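S.K.: Chain by chain, the residues:
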Amino acid sequence: MTIRHHISDQILLAYAGGQLSEAFSLVVATHISLCDECRARAGAFDALGGAMLDSAGTEPMPDDAVEDVLARITSLPQAPRAPSRAPMRTDPRVPAPLRDYIGGSLDGVRWRSLGTGARQAILPTGRDATARLLCIPAGQQMPDHGHNGLEMTLVLQGAFLDGAVRFGVGDVEIADQSTEHRPVAEAWGDCICLAATDSKLRFSGLIPRLAQPFFRI
Amino acid sequence: MLRDADAGTNVDGNSGAAAYVAGCDGEFVFGKGQGRVADGNGTDWGALLLRVRDGQDKVAFAALFRHFAPRVKGFLMKSGASAQLAEECAQDVMATLWQKAHLFDPARASVATWVFTIARNRRIDALRKARRPEPEDLPWGPEPEPDQAEVYEAQQETTRLGDAIARLPEKQRVLIERAFWGEMSHSEIASETGLPLGTIKSRIRLAMERLRQQMDEGEDRT
Numbered sequence: 001m002t003i004r005h006h007i008s009d010q011i012l013l014a015y016a017g018g019q020l021s022e023a024f025s026l027v028v029a030t031h032i033s034l035c036d037e038c039r040a041r042a043g044a045f046d047a048l049g050g051a052m053l054d055s056a057g058t059e060p061m062p063d064d065a066v067e068d069v070l071a072r073i074t075s076l077p078q079a080p081r082a083p084s085r086a087p088m089r090t091d092p093r094v095p096a097p098l099r100d101y102i103g104g105s106l107d108g109v110r111w112r113s114l115g116t117g118a119r120q121a122i123l124p125t126g127r128d129a130t131a132r133l134l135c136i137p138a139g140q141q142m143p144d145h146g147h148n149g150l151e152m153t154l155v156l157q158g159a160f161l162d163g164a165v166r167f168g169v170g171d172v173e174i175a176d177q178s179t180e181h182r183p184v185a186e187a188w189g190d191c192i193c194l195a196a197t198d199s200k201l202r203f204s205g206l207i208p209r210l211a212q213p214f215f216r217i
Numbered sequence: 001m002l003r004d005a006d007a008g009t010n011v012d013g014n015s016g017a018a019a020y021v022a023g024c025d026g027e028f029v030f031g032k033g034q035g036r037v038a039d040g041n042g043t044d045w046g047a048l049l050l051r052v053r054d055g056q057d058k059v060a061f062a063a064l065f066r067h068f069a070p071r072v073k074g075f076l077m078k079s080g081a082s083a084q085l086a087e088e089c090a091q092d093v094m095a096t097l098w099q100k101a102h103l104f105d106p107a108r109a110s111v112a113t114w115v116f117t118i119a120r121n122r123r124i125d126a127l128r129k130a131r132r133p134e135p136e137d138l139p140w141g142p143e144p145e146p147d148q149a150e151v152y153e154a155q156q157e158t159t160r161l162g163d164a165i166a167r168l169p170e171k172q173r174v175l176i177e178r179a180f181w182g183e184m185s186h187s188e189i190a191s192e193t194g195l196p197l198g199t200i201k202s203r204i205r206l207a208m209e210r211l212r213q214q215m216d217e218g219e220d221r222t
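Chains as they are written, first to last, in the numbering used here: chain A, 1 to 217; chain B, 1 to 222.
Calculated from the structure, these hints are not laboratory results. Model, not experiment: these values are computed from the prediction. Check before you lean on any hint, since a few could be wrong.
So the derived list for chain A, only partly shown, Cβ under 10 angstroms to chain B, looks like this [said to hold, decoys possible]:
| id | residue |
| --- | --- |
| 1 | Asp-91 |
| 2 | Pro-95 |
| 3 | Ala-138 |
| 4 | Gly-139 |
| 5 | Leu-161 |
| 6 | Asp-162 |
| 7 | Val-165 |
| 8 | Gly-168 |
No farther apart than 16 angstroms at their CA atoms in a straight line, the calculated lysine to aspartate or glutamate pairs in the EDC-like style are these [unchecked claim]:
| id | chain 1 | residue 1 | chain 2 | residue 2 |
| --- | --- | --- | --- | --- |
| 9 | B | Lys-201 | B | Glu-153 |
| 10 | B | Lys-58 | A | Asp-64 |
| 11 | B | Lys-201 | A | Asp-128 |
| 12 | B | Lys-100 | B | Glu-153 |
| 13 | B | Lys-58 | A | Asp-68 |
| 14 | B | Lys-78 | A | Asp-9 |
| 15 | B | Lys-201 | A | Asp-68 |
| 16 | B | Lys-171 | B | Glu-183 |
| 17 | B | Lys-100 | B | Asp-54 |
| 18 | B | Lys-58 | A | Asp-100 |
| 19 | B | Lys-78 | B | Glu-183 |
| 20 | B | Lys-78 | B | Glu-177 |
| 21 | B | Lys-201 | B | Asp-163 |
| 22 | B | Lys-171 | B | Glu-153 |
| 23 | B | Lys-129 | A | Asp-128 |
| 24 | B | Lys-201 | A | Glu-59 |
In this text, a Cβ means the ideal position worked out from N, Cα and C, and glycines have one as well.
Work out the full structure: start from the sequences and follow the hints.
M.R.: Structural data, given as structure tokens:
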């Protein structure tokens, strides 16, 4: 897998700082699980957090705080010392962070039709942003939409083209309100993406707009 | 090598340990073997955490607590927590450090970085009542015999990054402060401006080399 489209520095910084809502964090964590380069970059931003903690200044703790915590931890068993091996992926398209949300496999996802051939499944994240799986049939367009805010789309299966730019498995497209784009699934097969948006999508066509309240788009 | 040195001090164990509790404000270095790292205060936090990890050493834990708990409390209060909540969370963070010490990999992160990630996650949980999905773990845990040069690099990076942040232009420094204890605006998050920080770039290069190397070793084993 060659990943060409990565997470930006600003978004990795926001992720390291714990600034992103759950839906965006899910896209970042899923991409990092597939992308060594972004894993290394995310580690560097965590290290920046370490330096900030180190220089944050101190606030005094009560004198007996150490003893309290020692009493607490010694009454509890230490977590198992076996190395934490990642469990085998049941579905190679679904890295661990996403697996927690869809229960193992893309095959078990309960899709709902968007009326245009495309299907979606909303994932159970906090409500300040929405994460959804999108399935676009081979050769078809994603419903025409612009954005009121940030949108991140990660390819899990197949590929889509946005203009002349191709996004394959592991690639992330980052779009904001200035982007009017119309991704088209490649002709060879259905394209499945994980997408996060921090406000409602604006669909340009009449029918998808009418459908919006029903589909929570 | 780190382990040998630790084993050596473990023999006369508690007397040596008591000495660095007295000095836990950190004006001395214990163990002077190669690969030892001390921060600006002269204390080798990585070695102390390894003593917690490998020997459930309470004295080492107390020294870590006295250094890091007030910093975690300060960090959480800067993020908007009340003194009482920050104090409770700082205690939770240090308890987590004890319980998850076996996951600490001194070749991957400094103690400050590791404590930061625990504190950040506790903050998201306590202040925002939200979840932060984490990347899939790599299929290998901490190496039993980490490369000492890598340990040295990783343990030193907090000091080096701190110096680099202090030298940044005001605008970038403020952005980093907002990312870690303020709030980034939506347009800042959506912006594509990079953070041209040389120290970060070299840190990323090292981490990439390490990932590739471990990937190769993993393939050799299978």
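S.K.: Decide, hint by hint, whether the structure agrees.
M.R.: Against the structure, the hints come out as follows:
no. : hint                     : in the structure
1   : Asp-91                   : violated (13 angstroms)
2   : Pro-95                   : holds (5 angstroms)
3   : Ala-138                  : violated (28 angstroms)
4   : Gly-139                  : violated (30 angstroms)
5   : Leu-161                  : violated (21 angstroms)
6   : Asp-162                  : violated (16 angstroms)
7   : Val-165                  : violated (15 angstroms)
8   : Gly-168                  : violated (19 angstroms)
9   : B:Lys-201 with B:Glu-153 : holds (14 angstroms)
10  : B:Lys-58 with A:Asp-64   : holds (15 angstroms)
11  : B:Lys-201 with A:Asp-128 : violated (33 angstroms)
12  : B:Lys-100 with B:Glu-153 : violated (22 angstroms)
13  : B:Lys-58 with A:Asp-68   : holds (12 angstroms)
14  : B:Lys-78 with A:Asp-9    : violated (23 angstroms)
15  : B:Lys-201 with A:Asp-68  : violated (41 angstroms)
16  : B:Lys-171 with B:Glu-183 : holds (15 angstroms)
17  : B:Lys-100 with B:Asp-54  : holds (12 angstroms)
18  : B:Lys-58 with A:Asp-100  : violated (35 angstroms)
19  : B:Lys-78 with B:Glu-183  : holds (11 angstroms)
20  : B:Lys-78 with B:Glu-177  : holds (10 angstroms)
21  : B:Lys-201 with B:Asp-163 : holds (15 angstroms)
22  : B:Lys-171 with B:Glu-153 : violated (28 angstroms)
23  : B:Lys-129 with A:Asp-128 : holds (12 angstroms)
24  : B:Lys-201 with A:Glu-59  : violated (32 angstroms)
Hints 1, 3, 4, 5, 6, 7, 8, 11, 12, 14, 15, 18, 22, 24 from the earlier list are contradicted by this structure; the remaining hints agree with it.
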